[in-house]
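Peer 1: Residue-level listing of the chains:
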Amino acid sequence: MSWHRPHLLDIESLSADEILTVLDTAKAFKAVGERAIKKVPALRGRTVVNLFIEPSTRTRTSFELSEQRLSADIINFTAEASSLKKGETLKDTARNLEALNVDFIVIRHSAAGAAHFLSRVLNTHVINAGDGAHEHPTQALLDAFTIRERKGKIEGLNVTILGDILFSRVARSNIWALTKLGAKVTLCGPSTLVPRTFEQMGCRVTHDVDAALRDADIIHLLRIQHERQRKTMFPSIGEYTTLFGLNKARLAKARPDALIMHPGPVNRGVEIDNEIADSARSLILEQVTNGIAVRMAVLFLVNGGKGPQEIAAG
Amino acid sequence: MPEANIILNAPAIQRALTRIAHEIAERNEASAEVVLVGIQRGGVPLAERLAALLAGIWGHPVPCGHLDVSMHRDDLDQRAAPEIHPTVIPFDVTGKTVVLVDDVLFSGRTIRSAMDSLNDFGRPKCIQLAVLIDRGHRELPVKADFVGKNQPTSLAEKVRVRFGETGKEDEVVLEKP
Numbered sequence: 001m002s003w004h005r006p007h008l009l010d011i012e013s014l015s016a017d018e019i020l021t022v023l024d025t026a027k028a029f030k031a032v033g034e035r036a037i038k039k040v041p042a043l044r045g046r047t048v049v050n051l052f053i054e055p056s057t058r059t060r061t062s063f064e065l066s067e068q069r070l071s072a073d074i075i076n077f078t079a080e081a082s083s084l085k086k087g088e089t090l091k092d093t094a095r096n097l098e099a100l101n102v103d104f105i106v107i108r109h110s111a112a113g114a115a116h117f118l119s120r121v122l123n124t125h126v127i128n129a130g131d132g133a134h135e136h137p138t139q140a141l142l143d144a145f146t147i148r149e150r151k152g153k154i155e156g157l158n159v160t161i162l163g164d165i166l167f168s169r170v171a172r173s174n175i176w177a178l179t180k181l182g183a184k185v186t187l188c189g190p191s192t193l194v195p196r197t198f199e200q201m202g203c204r205v206t207h208d209v210d211a212a213l214r215d216a217d218i219i220h221l222l223r224i225q226h227e228r229q230r231k232t233m234f235p236s237i238g239e240y241t242t243l244f245g246l247n248k249a250r251l252a253k254a255r256p257d258a259l260i261m262h263p264g265p266v267n268r269g270v271e272i273d274n275e276i277a278d279s280a281r282s283l284i285l286e287q288v289t290n291g292i293a294v295r296m297a298v299l300f301l302v303n304g305g306k307g308p309q310e311i312a313a314g
Numbered sequence: 001m002p003e004a005n006i007i008l009n010a011p012a013i014q015r016a017l018t019r020i021a022h023e024i025a026e027r028n029e030a031s032a033e034v035v036l037v038g039i040q041r042g043g044v045p046l047a048e049r050l051a052a053l054l055a056g057i058w059g060h061p062v063p064c065g066h067l068d069v070s071m072h073r074d075d076l077d078q079r080a081a082p083e084i085h086p087t088v089i090p091f092d093v094t095g096k097t098v099v100l101v102d103d104v105l106f107s108g109r110t111i112r113s114a115m116d117s118l119n120d121f122g123r124p125k126c127i128q129l130a131v132l133i134d135r136g137h138r139e140l141p142v143k144a145d146f147v148g149k150n151q152p153t154s155l156a157e158k159v160r161v162r163f164g165e166t167g168k169e170d171e172v173v174l175e176k177p
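Just so you know, the protein sequences line up as chains A and B, in that order.
Residues 1 to 314, numbered by the numbering used here, are exactly what the first sequence covers, in order.
Residues 1 to 177, numbered by the numbering used here, are exactly what the second sequence covers, in order.
Hints were generated in silico from the structure; no laboratory data involved.
Using N, Cα and C, we set each Cβ at its ideal position, and we do this for glycine too.
Check the hints yourself; a few may be wrong.
Residues from chain A shown here face chain B by an in silico Cβ test under 7 Å; the list is partial [unchecked claim]:
(1) Trp3
(2) His4
(3) Thr25
(4) Ala28
(5) Ile37
(6) Val40
(7) Ala42
(8) Phe300
(9) Leu301
(10) Gly304
Work the whole structure out from these sequences, hints included.
Peer 2: This is the structure:
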């Protein structure tokens, strides 16, 4: 058990011990979500700002519910509704929020490093809810939680991440988390989206789907980002589906106990076959459920002050 | 080295628990309504042993749960986030007599948190409190119903309760700074 950080900015700087502390704490918060009364007073009287400069429904809803279940007060900001549209800088927006005496800022931004920047200029707790193509730490933590819950461990597992790795913050955070916890990570996808430079992060890179799926305990699919589809990256969505989409024929060659994950939103019929997405081997909805528990754990942990961790008896 | 005195050894702990079990039985005629809830961590092994002793007295099993109060503490922003241990209450507490069990009663704040937390699981008919050591220095109006040993202490001293698997290594130690 160790956690003494006031922020959660990335996975890269965390130790395996710190990641496991989040996962262990999340286990207790998952139990809270299964009770008739799903709320605890841990953040009573604290104010959280959800500063979502880049659109997000899933992550924002998950954070909001987590904050409510911890009894925090919440303010939501979206890009459209904020003065950023009027030319205000991120720093000024954040400073104004700080002047309202908020305690936490949860930030989603299209620029890599936005969360780190805020943590340097503000005195509030900062949680990174996704910064550009850099990191999405809470997604990686909930993925690790889900894998550990279903497989009983992470160390020694083969995890294949398939899809648009290059532009994916989910992939980067997952690679950091999984390699730190001792999993063997394989990356696969079109060579334009999965460059060999990722080998420097301690993963195997292959462009052969069957080879990538053969020994996988976990098949982690990433969304092909229609909105960021760059024509130069691969010829067409149809070709991607033919070459890299997860269909029944491909899955039949994988291990029978291999489980499938996807951070959502799912493009049915593109990166994943309809039936597979709904099958018993799909953990997609469990990931959503676990996201609440993991985000509650993160908020609970960063809220901690500087005092001792050990509780005196009595 | 801090000076350490054993204030309860293994047989003394066993005698204290046996007496507490009989006091609980004496106080609660309707034995089927009694459930035990040990507070993580120190109260959990004590609650398990009391449940076994009460089962022997009453001749039927006594339900026993574990409660972690970390999420209901009042000092969360003044200290590093505490380690959370499992809360397992595999029965409905509504209408039951819940005996909360902890190792050391000190400020009373843990018990306040425990009563708040228990509320989220239902509405007990009544809550009683059993502790192995009452060391004084209450900061809240909390009083134990069943006490193993009253031990006057100074604020600088520490009370350590050690429980082994077999019960032979059990001891309560008072450490002076």
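Peer 1: Does each hint fit the structure? Answer for all of them.
Peer 2: Results for each hint:
{"no.": "1", "hint": "Trp3", "result": "holds, 6 Å"}
{"no.": "2", "hint": "His4", "result": "holds, 6 Å"}
{"no.": "3", "hint": "Thr25", "result": "holds, 6 Å"}
{"no.": "4", "hint": "Ala28", "result": "holds, 4 Å"}
{"no.": "5", "hint": "Ile37", "result": "holds, 4 Å"}
{"no.": "6", "hint": "Val40", "result": "holds, 4 Å"}
{"no.": "7", "hint": "Ala42", "result": "holds, 5 Å"}
{"no.": "8", "hint": "Phe300", "result": "holds, 6 Å"}
{"no.": "9", "hint": "Leu301", "result": "holds, 5 Å"}
{"no.": "10", "hint": "Gly304", "result": "holds, 3 Å"}
Against the hints set out earlier in the document, no violation occurs for any number.
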